[in-house]
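From first to last, the protein sequence lines are chains F and V. Counting along the first sequence from 1, when you hit position 86 you're at 86 in my numbering, and nothing is skipped either side. Just add 151 to wherever you are in the second sequence, counting from 1, and you've got my numbering.
Calculated directly from the structure, the hints in this document are not laboratory data. Among the hints, a few may not be true.
According to the in silico footprint, chain V covers these stretches of chain F (three or more CB under 8 Å from chain V) [to be verified]:
1. 24-30
2. 41-54
3. 129-143
Each pair of labels, with its calculated beta carbon distance range [stated by the list, open to error]:
4. His-143(F) / Thr-872(V): 42 to 48 Å
5. Leu-340(V) / Glu-11(F): 56 to 62 Å
6. Arg-860(V) / His-143(F): 27 to 33 Å
7. Gly-304(V) / Thr-77(F): 51 to 57 Å
8. Pro-114(F) / Ala-403(V): 50 to 56 Å
9. Thr-307(V) / Arg-81(F): 47 to 53 Å
Because the structure is a prediction, the values reported are computed rather than measured. For glycine and all other residues, C-beta sits at the position ideal for the given N, C-alpha and C.
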Amino acid sequence: MQLTINGEPREIDANPDMPLLWVLRDELKMTGTKFGCGVASCGACTVHINGEATRSCQALIGDLEGATVTTIEAIDTPAARAIQTAWVELQVPQCGYCQSGQIMSASALLTETPKPTDDDIDAAMEGNLCRCATYARIRRAIHRAAEIMEA
Amino acid sequence: MLHYLDAKRPAPQPTRRTFLKLSAGALGGLLIGAVIPQKGLADTASGALATPFVHITPDNRVIVLSKHLDKGQGTATGLATLVAEELDAAADQVEVEFAPSNPELYKNFLFGLQGTGGSTAMANSFDQYRQAGAVVRAMIVAAAASEWGVPTGDITITNGVVSGGGNLATLGELSALAAAQEPPAEVTLKSPEDWVYIGKGFPRVELPMKTRGSVGLFGMDAQPEGGLVAVTARPPRFGATLASVDATAALALDGVEAVLEIPQGVVVVATNTWTAMQGREALVLDWVAGSGETRGTDALLDEFRAALDAPGLPSHPRGDASAKLAQAAQVIEAEYVFPYLAHAPMEPLDMTVLYDGQSATFWGGSQIQTLDHGTAAAVLGLDFPQITINTRWGGGSFGRRATPDGHLAAETAMIGKAWLDAGNAARPIKLVYSREDDIRGGYYRPMAVHRVRAGLDAEGNISGWEHRIVSQSIFTGTSFESFVVQDGVDHSTVEGISDTTYAIPDMHVDVHHPKVGVPTLWWRSVGHTHTAYVMETMMDELAVAAGRDPVEFRLAHLAEDARLAGVLHLAAEKAGPTGPEGTHRGIAVHKSFNSYVAEIADVRIRDDGTVKVEKVTCGVDCGVPINPDNINAQIEGGLGYGLSAILREEITMVDGEVAQWNYPDYTPLRIADMPEVEVHIVRSDAAPTGIGEPGTPPIGPAVANAVFRATGTRVRELPFTRHGLA
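Working from the sequences, and respecting the hints, build out all of it.
Okay, here's the thing in structure tokens:
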């Protein structure tokens with residue numbers, strides 16, 4: 001398979017049924033994208049495929065011919081930069097394991113909806129679990145990132 | 152967990168030989184000997200000043216060696232704060248690494264071995280890490296004085312800059328000279344009024360990494376060169392035994408390197424995680440019929456309830472509760488049921504081993520390094536020094552990574568040994584739990600059933616209290632048993648009840664500890680997860696029955712506990728008379744891990760009858776607040792974790808098989824259900840106490856009490872999903 005990962009063209013030689021998550025982590029040794037549940041229920045493995053927040057544990061590499069994939073290691077959109085700044089400013093992460101996925105989902109939300117309401121945030125972030133329950137700070141940090149982007 | 156320990160009792164013994172010389176009586180003392188660098192420890196080759204707890208490098212980094220695992224609770228930053236405070240380092244030059252496994256140097260004074268838990272890290276390290284910072288500061292000052300020819304009294308350090316006699320230098324510029332100085336025989340710590348970080352703030356040291364993917368940070372991210380991945384097929388019921396396995400199909404898969412039998416199950420080793428999981432799917436396994444624990448949770452509940460009718464083992468009985476209840480003006484009787492709970496940290500369990508027959512190296516989020524180390528030594532037949540434990544950041548734990556039986560280290564070591572014994576060349580192997588392995592793998596918060604009879608006298612005060620609990624003992628049979636189990640009673644089952652500070656002079660608490668083949672473990676705040684729920688919902692019922700205000704009723708019974716009364720006052724004052732429009736209010740206050748937390752929940756009932764907690768106002772007294780923002784974060788997260796459990800979490804079993812598989816059916820809190828949280832901290836100068844766990848116990852009863860206000864329903868069987876409330 002040929003696809004673009006973080007701006008670089010990559011030739012992947014793997015079983016076409018292998019999920020992108022494991023191609024990233026085990027084949028390409030890119031450990032920023034995390035394994036949490038394997039069934040698209042926790043969002044820890046969220047990446048952007050062709051700009052859309054997607055659970056990489058359910059995206060089979062054989063279906064991604066020609067796709068453009070961006071992971072937490074390289075995301076550099078204005079929304080992502082604002083999110084990462086707000087995440088540090090409001091000291092969001094605790095254990096941090098889910099935060100790659102949270103940041104990828106929040107970045108996609110802000111790109112699409114620069115001034116999200118609380119309902120927008122609930123809808124966009126509902127699929128991202130955080131057992132440390134940093135949710136109150138995630139919500140505040142998304143609002144803060146929207147301010148940063150506007151400024 | 153593990154907060155019962157006092158140093159007068161014997162330290163728990165590791166599982167193998169005498170590799171530890173545990174010294175008793177080390178509780179909390181200023182052990183300057185433990186932090187002073189020995190001669191020759193300074194790294195003259197690199198020019199770094201290297202002490203066991205702090206390194207200063209020539210490139211001006213201050214590296215704090217954390218003896219505690221940080222799995223999200225902020226301990227690493229807490230320790231960095233203490234060192235930076237006494238060293239007068241700049242916040243942005245401080246980093247944290249995890250200390251090697253070495254119980255002589257890095258033991259938790261409260262456990263007698265190297266380990267993290269029971270919300271003890273700051274309580275245990277407050278003096279030690281400040282002192283470690285003061286020692287390196289003194290050596291930097293001595294180096295500067297010697298280099299510049301000025302008296303040490305003229306040297307100052309501010310925000311990482313050393314000055315004196317018109318000279319300026321960074322800490323790094325003086326590190327090599329400092330390493331050559333005699334360590335001080337004693338140091339004087341700063342007075343609290345001179346603190347620049349403690350009580351004010353210190354940014355979390357690892358957040359830049361954790362917002363950029365935490366690349367390589369966690370145990371799951373360990374990928375030593377040439378590494379393989381292992382997954383284990385474990386029994387369908389706890390304790391069931393394997394009859395036969397056919398691995399033909401698994402071994403035929405491209406990338407499966409081996410199928411190994413170990414006591415824990417059948418292991419598939421492959422070149423990557425996905426293939427290992429595919430290989431496990433392809434195993435044909437036959438388990439011995441009827442082996443292992445075959446009772447389901449319904450049958451267990453029937454047995455637990457039946458046990459309520461017989462007297463149990465007493466825990467600190469006092470007065471004559473039975474007589475007082477016979478004379479009471481009103482008696483309230485209630486039964487409660489609490490389910491098994493999984494910890495389900497976001498990072499599933501994992502550990503990596505490289506074993507070559509002579510030595511072994513481990514990578515992972517080890518939470519009790521000494522027990523993991525000792526367990527691995529026992530399994531591999533190695534001596535303690537032949538094993539290296541590389542502690543990684545933990546992706547959550549909530550108790551799960553601290554196992555008294557070291558089962559994860561044992562299984563990992565078994566895999567390393569079986570791999571080598573099968574004639575393979577040594578390679579790193581990472582054991583990975585899937586989420587299903589985690590949810591179905593046991594080590595749960597034990598199921599518990601309570602029956603309470605509480606009486607009010609004619610004045611509306613509590614007159615007598617009888618309380619029986621049926622729950623498995625967590626500590627019996629572990630290396631911590633002697634600390635926690637006395638006269639057959641596991642204190643973790645009754646904590647928060649038989650040691651309540653409410654004025655209840657006539658109280659009889661007793662327990663049954665049934666034997667069940669389901670492994671149990673401490674779960675964020677341990678017994679308080681159920682005991683606080685019972686105490687604080689009962690207090691609410693009693694207040695209602697007495698026709699008294701729930702805050703006033705509690706305060707009237709807290710004359711002997713000014714700190715608990717203090718946080719309740721604080722939270723009540725800050726919450727104001729009413730919550731947001733359309734909400735109902737519930738209150739709870741509880742002490743755990745020597746910290747005091749009141750939570751006032753404002754709860755709305757949605758149109759579909761489910762509960763939405765809109766706002767929680769908290770009062771917290773955890774002694775000296777080292778990092779106030781981290782205290783806020785831990786209270787937010789702790790109550791979120793507790794709310795998650797009471798709303799929707801339960802592990803059930805059918806004929807011994809766990810019914811839940813993954814997050815779709817073991818359902819943690821999501822963002823839409825997280826309340827707004829407001830935390831108010833008592834500005835205390837008492838010794839610092841726990842903060843990772845104490846936010847969890849009060850939220851359940853606070854919300855349940857609000858639900859009663861809203862609906863008239865007393866929720867006594869958890870979770871709320873059983874009542875259509877979630």
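* Asked: Hint by hint, which ones does the structure fall short of?
  -> 4 and 9
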